[in-house]
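Participant: Using the UniProt record's numbering, you'd call the opening residue of the sequence shown number 1 and step up by one each time.
It is possible that part of the hints are untrue.
[Said to hold, decoys possible] Derived CB-CB ranges, DEER-like:
hint: 1; residue 1: Tyr20; residue 2: Ser150; range: 18 to 28 Å
hint: 2; residue 1: Thr32; residue 2: Glu94; range: 28 to 38 Å
hint: 3; residue 1: Gly30; residue 2: Asn117; range: 38 to 48 Å
hint: 4; residue 1: Pro8; residue 2: Leu120; range: 13 to 23 Å
hint: 5; residue 1: Ala89; residue 2: Phe16; range: 25 to 35 Å
hint: 6; residue 1: Ala125; residue 2: Tyr23; range: 16 to 26 Å
hint: 7; residue 1: Phe51; residue 2: Ile119; range: 21 to 31 Å
hint: 8; residue 1: Asp15; residue 2: Val85; range: 33 to 43 Å
hint: 9; residue 1: Ala89; residue 2: Lys22; range: 34 to 44 Å
hint: 10; residue 1: Ala125; residue 2: Gln38; range: 16 to 26 Å
hint: 11; residue 1: Arg49; residue 2: Thr135; range: 13 to 23 Å
hint: 12; residue 1: Asp92; residue 2: Ile18; range: 35 to 45 Å
[Stated by the list, open to error] Derived SDA-like pairs: lysine to any residue, alpha-carbon spacing no greater than 20 Å straight-line:
hint: 13; residue 1: Lys80; residue 2: Val98
hint: 14; residue 1: Lys35; residue 2: Lys80
hint: 15; residue 1: Lys55; residue 2: Leu149
In case anyone wonders, no lab produced these hints; they're calculated from the structure. Glycine included, every Cβ here is placed at the ideal spot set by N, Cα and C.
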Amino acid sequence: MYEQERKPIPDHAFDFLIKYLKYASEAMNGYTGSKPNQFNTPVLIMLCRLFVDLKLEVEESVDGNETIVEAKKNDFNLGKVQAIVGCEAVADREGLNVVYGIVTDFMTWFLYRCSENSILQDSRALGSKSEELDTGSMRDVCEMIYGALSDHKVECKERTALL
1 MYEQERKPIP DHAFDFLIKY LKYASEAMNG YTGSKPNQFN TPVLIMLCRL FVDLKLEVEE
61 SVDGNETIVE AKKNDFNLGK VQAIVGCEAV ADREGLNVVY GIVTDFMTWF LYRCSENSIL
121 QDSRALGSKS EELDTGSMRD VCEMIYGALS DHKVECKERT ALL
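Throw the hints in and build the complete structure from the sequences for me.
Facilitator: This is the structure:
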């Protein structure tokens with residue numbers, strides 16, 4: 001069983017995210033009654049802002065050595081296949097040894113670590129009622145993704161140093 005190493009999220013960034021998600025949830029009929037992207041995007045924006053040179057590209061081709069993200073409405077098998085195929089394509093095109101993919105409907109998050117010899121999966125479900133999000137599970141999701149992005153930065157630097 002694979003578990004991505006978590007990296008702590010700065011409290012100010014996480015607190016801002018939780019306030020925003022609560023505000024958005026109140027305007028959009030709760031967390032479970034809305035489209036996933038309306039909640040996924042703020043999470044990913046917050047995580048990208050923790051890095052100086054990481055940008056979020058939505059519905060665009062992926063250039064560089066970052067993560068592919070797929071938002072799916074309750075079709076995790078299709079999302080997994082698309083994410084893994086996308087990871088392999090980016091790895092081949094960019095010459096990367098490791099690429100991460102995310103598949104989510106906001107309430108459940110799957111993180112895939114795709115390398116030359118393996119595909120590993122970590123996942124986390126958010127605890128929630130329609131109107132109230134469990135901040136502990138949301139923090140764990142954020143720290144899982146932040147850990148993957150941080151590890152990927154290190155892996156890319158190590159690869160560059162070897163070349």
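Participant: Would you mind marking each hint as holding or not holding in the structure?
Facilitator: Verification of the supplied hints:
1. Checked against the given bound of 18 to 28 Å, the beta carbons of Tyr20 and Ser150, roughly 23 Å apart, stay inside it.
2. Taken as a hint, the range 28 to 38 Å holds for the pair Thr32 and Glu94, whose Cβ atoms sit roughly 36 Å apart.
3. Distance hint for Gly30 and Asn117: a CB-CB separation of about 42 Å, consistent with the stated range 38 to 48 Å.
4. Our hint of 13 to 23 Å for Pro8 and Leu120 holds, since their Cβ atoms are close to 22 Å apart.
5. Distance hint check: the CB atoms of Ala89 and Phe16 are about 34 Å apart, consistent with the given range 25 to 35 Å.
6. At roughly 23 Å, the beta carbons of Ala125 and Tyr23 sit within the given window of 16 to 26 Å.
7. Checked against the hint of 21 to 31 Å, the pair Phe51 and Ile119 passes, with Cβ atoms roughly 24 Å apart.
8. Taken as a hint, the range 33 to 43 Å holds for the pair Asp15 and Val85, whose Cβ atoms sit roughly 37 Å apart.
9. One distance hint, 34 to 44 Å for the beta-carbon pair Ala89 and Lys22, holds here, with the actual separation near 37 Å.
10. For the pair Ala125 and Gln38, the supplied restraint of 16 to 26 Å holds, since their beta-carbon distance comes to about 19 Å.
11. One distance hint, 13 to 23 Å for the beta-carbon pair Arg49 and Thr135, holds here, with the actual separation near 19 Å.
12. Separated by about 38 Å at the C-beta atoms, Asp92 and Ile18 satisfy the suggested range of 35 to 45 Å.
13. Among the hinted pairs, Lys80 with Val98 is consistent with the structure: their alpha-carbon atoms are about 16 Å apart, no more than 20 Å.
14. Distance hint between Lys35 and Lys80 is fulfilled; the C-alpha atoms sit about 19 Å from each other, no more than 20 Å.
15. Of the pairs offered as hints, the one joining Lys55 and Leu149 holds, with about 12 Å between alpha carbons and a cut-off of 20 Å not exceeded.
Of the hints listed earlier, there is not a single one the structure fails to meet.
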